[in-house]
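The listed protein sequences correspond, in order, to chains C and G.
Note that UniProt numbering gives residue 79 to position 79 of the first sequence, counting from 1, and the numbers run on in steps of one.
Note that UniProt numbering gives residue 82 to position 82 of the second sequence, counting from 1, and the numbers run on in steps of one.
Honestly, the hints are just simulated from the structure, not real lab data.
One or more hints might be untrue.
Which copy? The list can't say, so a pair holds if one copy fits it or any two copies do.
[To be verified] Straight line, CA to CA, 27 Å or less: simulated DSSO-like cross-link-like pairs of lysine-lysine:
hint: 1; residue 1: 176; residue 2: 197
hint: 2; residue 1: 120; residue 2: 67
hint: 3; residue 1: 273; residue 2: 16
hint: 4; residue 1: 286; residue 2: 237
hint: 5; residue 1: 176; residue 2: 151
hint: 6; residue 1: 56; residue 2: 33
hint: 7; residue 1: 176; residue 2: 196
hint: 8; residue 1: 16; residue 2: 197
hint: 9; residue 1: 312; residue 2: 196
hint: 10; residue 1: 196; residue 2: 151
hint: 11; residue 1: 120; residue 2: 107
hint: 12; residue 1: 325; residue 2: 55
hint: 13; residue 1: 313; residue 2: 16
hint: 14; residue 1: 55; residue 2: 16
hint: 15; residue 1: 267; residue 2: 22
hint: 16; residue 1: 67; residue 2: 268
hint: 17; residue 1: 267; residue 2: 16
hint: 18; residue 1: 107; residue 2: 55
Protein chains: 2
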Amino acid sequence: MPGTVNELERNAALQKAAEILKSADNILILTHKSPDGDTIGSAFGLCRALLKLGKKAKVICNDEFPKKFSYIFEGLESFDFEPGLIVASDVASTELMGEQLAPFSDKVGLCIDHHPSNGKYAAFTVLDPTAAATCEIMADIIPLLEVEYDKDIANCIYTGLATDTGCFRYSNTTSKTLRTAAAMVDYGADIATINKKLFETTSRARLELERMVLDTIEYYFDGRAAVITITNEMEEKTGVSDSDTDGLPSLPARIEGVEAGITLKEKKDGSYKISLRTGRTLNASKICATLGGGGHAAAAGCRVEGTLEEAKKAILDAVGEELAKIEGEGTT
Amino acid sequence: MPGTVNELERNAALQKAAEILKSADNILILTHKSPDGDTIGSAFGLCRALLKLGKKAKVICNDEFPKKFSYIFEGLESFDFEPGLIVASDVASTELMGEQLAPFSDKVGLCIDHHPSNGKYAAFTVLDPTAAATCEIMADIIPLLEVEYDKDIANCIYTGLATDTGCFRYSNTTSKTLRTAAAMVDYGADIATINKKLFETTSRARLELERMVLDTIEYYFDGRAAVITITNEMEEKTGVSDSDTDGLPSLPARIEGVEAGITLKEKKDGSYKISLRTGRTLNASKICATLGGGGHAAAAGCRVEGTLEEAKKAILDAVGEELAKIEGEGTT
């Protein structure tokens, strides 16, 4: 398995995380803003496990949780408490907590994460960058809490595994990811329903948006980069919700010969959110870092102020520089 | 695990298949026409295992194998022999062998398959309808041949598992499917490259076709059925190859509220190939059977002679009848 985590060290870290959790009560679990399946799945998977131990626990987020994940959090009791322990799940940096969670950012006792860029802002951090998802780490912590898996916990963990790997398609998928998913199925995860909902369901509005977006494709650097644009106008015309645009950033990267798939999404404040997906030759995280962003080697993002043309130029310049370096090295 | 196969019976059948294979030489392996990842992967996985045992073996097909699967069969020696044993892999009926393989149809010694509709045309049949793919069965036969897995065999088996489950998205995926895939990763399957090639790569022509196809969407039965059409003209205009249309039939079924996703594909002879994808409420195989076709509960197909309008009416009538039955039962 690739990565730098020694298995003994990993096990020791998991054990310590379990001890911190077991000795605490009134546990507040933080997720990252613009929440995805992994931060929601890992946080609620942990929350449900802690509730089974008779503890009080709750999950909070800067933004609303997308409705498509309602099976993860519905039916949970809401508690009001002074936190005895603050846990951050899948939150790589305090900035990613968002404004509303900022007051907690210097009080995090335990952080569980798989982002290599993790800022180590917590008193104790379990960081496994070889894990495809934070849920893959959480799946190993839950049994150490001496909690038995049930269908609900399994649904949470499966969700993060599936969403962070594009349902086991992306290159971060390992045999451990697949085995963890298999275990969740055996614990009762309803993967047929979850997969259908998350990966095989498209709204009519989303299909209409896709058609519009397909009209915007532009190719650069001899077809090695492809750019698509999503404007506020398109979103208004089709009436898509924000989560309806999920997955679109992987579209340009899927095109044959494209090494850098770029998505420019206009934001309400006039800035552009840029998503970059790269093949094996380019490091998306490194490229986005030059524009103040970050992420993973194959998928990263940043935000650029200015017009569409300015945003496009900024990311294309950054991509072009890396492509030139590769050519300089004689790699194709 | 759902299904009707008793585990002891399954193991006995696998053992018998292994004995038949071990005691044979000059083994000819048949695949089904319009070959997909499962028939190709399972046949070549077996072929490569038999070659490792020092036997002569080869795989044949009525049609050419799609180029995207070239990693499965490239570098294999070609043999000329009088078959000592004929094996059919993932071939549900002798009709599916196609014209060129018809001469072998009554001489099949061993059939390995997962289609519930299997015609039991072979002297001995290993049929496990609970398996997501024939490759899932083949994965259990190979160790019984006392062959050690290698990267090439693992790539073959992984391919069938992934293609028949839409990369583990479809409802036929079980924990056994995921564990078998995990094992293939550990045996060296290069899933990052395979997934990228099979699931994350689109030609420009295919994208252009998608845009045209999105223009043809029609809804019926209050949005419970959606129909898309792929015409010869579209194929000519975009210059797509036949395998470039793979996966399009899952498009209409992905639309929210759609229980029957119908794809009408014009064939060169003027007939229409109909693909039907259904949700949990409808049985696609049963509906297509009324038009002389077949397949699985969630994905089936048939062919209808006539104009586009006639083909559309035929399948919509069949779907409407089943939808009416469901309503009659009071199920929604």
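Hints versus structure:
1. Taking the shortest alpha-carbon separations for residue 176 and residue 197, both the intra-copy value of 24 Å and the inter-copy value of 22 Å come in at or below 27 Å.
2. Taking identical chains as interchangeable, the C-alpha atoms of residue 120 and residue 67 are never at most 27 Å apart, the minima being 31 Å within one chain and 47 Å between chains.
3. Taking the shortest Cα distances, residue 273 and residue 16 never come within 27 Å of each other, neither inside one copy (38 Å) nor across copies (59 Å).
4. For the identical chains of this complex, residue 286 and residue 237 are neighbours neither inside a copy (35 Å) nor across copies (40 Å), given an alpha-carbon limit of 27 Å.
5. For a Cα distance limit of 27 Å, the shortest separation of residue 176 from residue 151 qualifies both inside one copy, at 20 Å, and across copies, at 18 Å.
6. In this assembly of identical chains, residue 56 and residue 33 lie within 27 Å of each other by CA distance solely inside one copy; the values are 23 Å within and 59 Å between copies.
7. Taking the shortest Cα distances, residue 176 and residue 196 sit within 27 Å of each other both inside one copy (23 Å) and across copies (19 Å).
8. In this assembly of identical chains, the alpha carbons of residue 16 and residue 197 never lie at most 27 Å apart, being 36 Å within a copy and 41 Å across copies at closest.
9. Proximity of residue 312 to residue 196 under the C-alpha cut-off of 27 Å is restricted to the inter-copy arrangement: shortest distance 26 Å between copies versus 34 Å within a copy.
10. Only within a single protomer do residue 196 and residue 151 lie at most 27 Å apart by alpha-carbon distance; the minimum there is 17 Å, versus 31 Å between protomers.
11. For the homomeric pair residue 120 and residue 107, the shortest alpha-carbon distance inside one copy (12 Å) is at most 27 Å, but the shortest distance between copies (66 Å) is not.
12. With identical chains, the CA atoms of residue 325 and residue 55 are never at most 27 Å apart, being 54 Å at best within one copy and 49 Å at best between copies.
13. In the homo-oligomer, the alpha carbons of residue 313 and residue 16 never lie at most 27 Å apart, since the shortest distance is 47 Å inside one protomer and 64 Å across protomers.
14. Within a single copy, residue 55 and residue 16 get their C-alpha atoms as close as 18 Å, which meets the 27 Å cut-off; across copies the closest is 54 Å, which misses it.
15. For the identical chains of this complex, residue 267 and residue 22 are neighbours neither inside a copy (42 Å) nor across copies (64 Å), given an alpha-carbon limit of 27 Å.
16. In this homomeric assembly, residue 67 and residue 268 come within 27 Å of each other (Cα to Cα) only inside a single copy, at 21 Å, whereas the closest approach across copies is 45 Å.
17. When the C-alpha separation of residue 267 and residue 16 is checked against a cutoff of 27 Å, the pair qualifies neither within a copy, at 41 Å, nor between copies, at 63 Å.
18. Proximity of residue 107 to residue 55 under the C-alpha cut-off of 27 Å is restricted to the intra-copy arrangement: shortest distance 20 Å within a copy versus 66 Å between copies.
Hint violations for this structure: numbers 2, 3, 4, 8, 12, 13, 15 and 17, all remaining hints satisfied.
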